[in-house]
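Chemist: Counting from 1 along the sequence shown, just add 172 to a position and that's the residue number in the numbering used here.
Because the hints were derived from the structure by calculation, they are not lab data.
The reader is advised that the hints may include incorrect statements.
[Claimed, not checked] Cut-off 30 Å, straight-line C-alpha distance, at most; resulting in silico cross-link-like pairs (DSBU-like, lysine-lysine):
#	residue 1	residue 2
1	Lys277	Lys486
2	Lys426	Lys262
3	Lys262	Lys486
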Amino acid sequence: MVTLVNLRAYRRFFVVAWHFLPLLLSYARDRRRFLLFGGSRRVDSETRVERANTLLESLLTLGPTFIKLGQLLSTRPDILPPEYVDVLSKLQDEVPPADWSEAEKVVESELGPVAREFDSFDTDAISGASLGQVYAAEVDDRSVAVKVRRPGIEDLVEADLRVIRWSVPVLMRFIGEARAFSLETLADEFARTIRQEMDYDREATMLTEIRENFADDEDVAIPAVVESHSGPRVLTMEYLGGTKINDVATLDEKGIDRTDLAETLQRAYLQMIIEDGVFHADPHPGNLAVRDDGTVVFYDFGMSGRVDAFIQEKIVDFYVAVANQDIDAILDALIEMGTLSPEADRATMGEVMELAIQDARGEDIETYRVQQIVSQVEDTIYEFPLRLPSNLALVLRVATVVEGVCVTLDPEFDFIAVATDYLTEQGYREESIKQFLEQASDEVQASAQSLVRVPPKLERTLDRTDRDDLYVRVNVEDDDDVFDLFAKRLVYGMLLSFSLLTTGILYTFSTLRAAVVAGAFTFVVAGLLYRSFRERRGIRATPQFTRQNLRQREERE
């Protein structure tokens, strides 16, 4: 059945194809120089950056859905080369707001007449994004921010999701099998993610949960939801003003310590990911502000995620391993999280991690930038592609974006140093050491028990040796009649030699008929010998040096 959404999707498909066709043809020529034949051609990093910028422009031109798609792709180093990930990571969700007349219809359909529900309402949007826009208003004598879903965005998103789903089989022809699997799952993941972002009830739930987790933290401020004025398409929150977090000049004018600010931001995200398991996943400067007292304010929880207990544990293991400069433990944590392929060469991966550490110019590991480590990991992910868990991909993106913000605040900011201090304060490093000592203690105890048990057994064995009473029996299990086969081959070989000799003698003395008979016999024997060598048999030898077998031998004697 042809619906309005499908008709729109058909039209959008051709628009999208028009924008992406040049990139697809370029990629196809990389694999086959003349499209249908010819060898592959090498693409340098500069060309990849140029193509990534072309892709970025296409995504911006195609509108809200594809802007969100670009943001998601920037978290997937298992699909795109590092150059593309780097370029797309700069993609910020900033779109001119829709006309108020259209947004007003959305507000009134959800809440009722604007004049009745709000004391005042500024119809000029204070910010615009691909899926929604924000207005300043007042409710019950308090300032609020009203987030309104962009008018008509639902139909556009659904049409674009159809286009993306139709495009996946085409795109899979241009990429390898491993990345094809990641691309196929990405379409479903993206559809789920963007629908969640359009669901303001979900955003209100996530915002409220995170706010409760920081209720006792005076350094972090998260706006409260005004439930009476919120719904699936409208979200009203208390308005918390502040200076944009990357406005360094204004922060300096207000005397705010930027190093403390960076540490506050980093600790907040460590708590969200490691302790709470629910986190704000879009920490670009537009969603972070600073109040005059140095409190960090978080905005826009549409992109937020959860981390299960297993991933939390492995993230802790990763940070502890980095702090301890334990390369093997780093690799174990990354592989167990699914970030690296278990089939990757550990020696090679170890060298990657060691090179990453050496990049710190000989400084202590705690001063090493986590962004450089993650970058090395992402390069390797692309070489050994596998599907990243969606929330883990968000965690990797958050780690790099947050550090970028922190370094803007303080160029000397040490991500790992702050993380190490946090883990130490929360007892994670102590717990890690305790687990190591417990494992070591168990191994020492097992070894000690073995040392106690071995000497008496060894002494008894030596005593039996002195008395010539020690037997080592090897029971050969000839389940496949291996020795019979050897005997057959020996007999066939002797017969073949004899028949060849006989045939030669008879032929020499001109007894043709006898020579033919002997030759036929020789041929048959040769065939039997050949067949015997075609049979694949195995032999298994089992040492019988057990207490039970020795006892049975003694009873027989």
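Chemist: Against this structure, judge whether each hint is valid.
Modeler: These are the hints, each one checked on the structure:
no. : hint            : in the structure
1   : Lys277 x Lys486 : violated (47 Å)
2   : Lys426 x Lys262 : holds (28 Å)
3   : Lys262 x Lys486 : holds (28 Å)
Of the numbered hints listed earlier, the single one contradicted by the structure is hint 1.
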